[in-house]
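All letters in the sequence shown, in the order written, are residues 1 to 124 by my numbering.
There's no promise every hint is true.
[Said to hold, decoys possible] Listed next, the in silico BS3-like pairs over lysine-lysine satisfying Cα-Cα at most 27 Å (straight line):
1) 26 / 52
2) 65 / 38
3) 61 / 26
4) 26 / 38
5) 61 / 37
6) 37 / 26
7) 37 / 65
8) 61 / 38
9) 38 / 52
10) 65 / 26
11) 52 / 37
Calculated from the structure, these hints are not laboratory results. For clarity, every value in this text was computed on a predicted model and none was experimentally measured.
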Amino acid sequence: MEESAPSTPEPHELQSAERSHVKKNKVARACDECRRKKVRCNGGQPCVRCRKALFQCVYSKIAPKRGPPKQYVETLEPRLRRVESILDALTLDSSESSANQLELSDENSLSYPGQQLYFPTTSS
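Kindly produce the complete structure, drawing on both the sequences and the hints.
And the structure:
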C-alpha cells in the first residue's frame with residue numbers, strides 16, 4: 001500500500017498562496033514595451049521585464065488628455081441658453097397659474113375654479 005502525500009503544503013505552494021493575497025502597488029506609468037504587451041510593469045529603470053528580455057526600457061512622454069472639441073462646445077452653448085430660457089418661462093408660467101387658481105376668498109374658504117372649499121375654525 002502506498003503512503004499518501006503529506007498534508008502540509010510545500011514551501012513553494014505557501015509562497016504562491018501568500019502572493020495571491022498581497023496587494024500589488026500600482027505604477028503611475030508603464031514602460032512602452034510593457035504597455036505594448038499589456039503586462040504589468042514594475043516601473044523600474046529598466047523594469048524587470050525589459051531587463052530579463054534584454055529590451056531597451058523606454059518611458060515615453062504621455063500626451064495630455066484632451067477634452068471635447070471647441071466647436072462641439074460652441075454648438076452646445078446656444079442650445080443650453082435656449083433650454084434655460086424655456087425652463088425659466090415655464091417656471092414663471094407655472095407659478096403665475098398656481099397663484100391664479102388658488103385665491104383666498106375669505107379667511108376660512110379657498111376658491112378653485114368651479115369649486116369652493118370651506119375650512120371651519122374652532123372657537124375658544
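Legend entry - Hints breached by this structure: none
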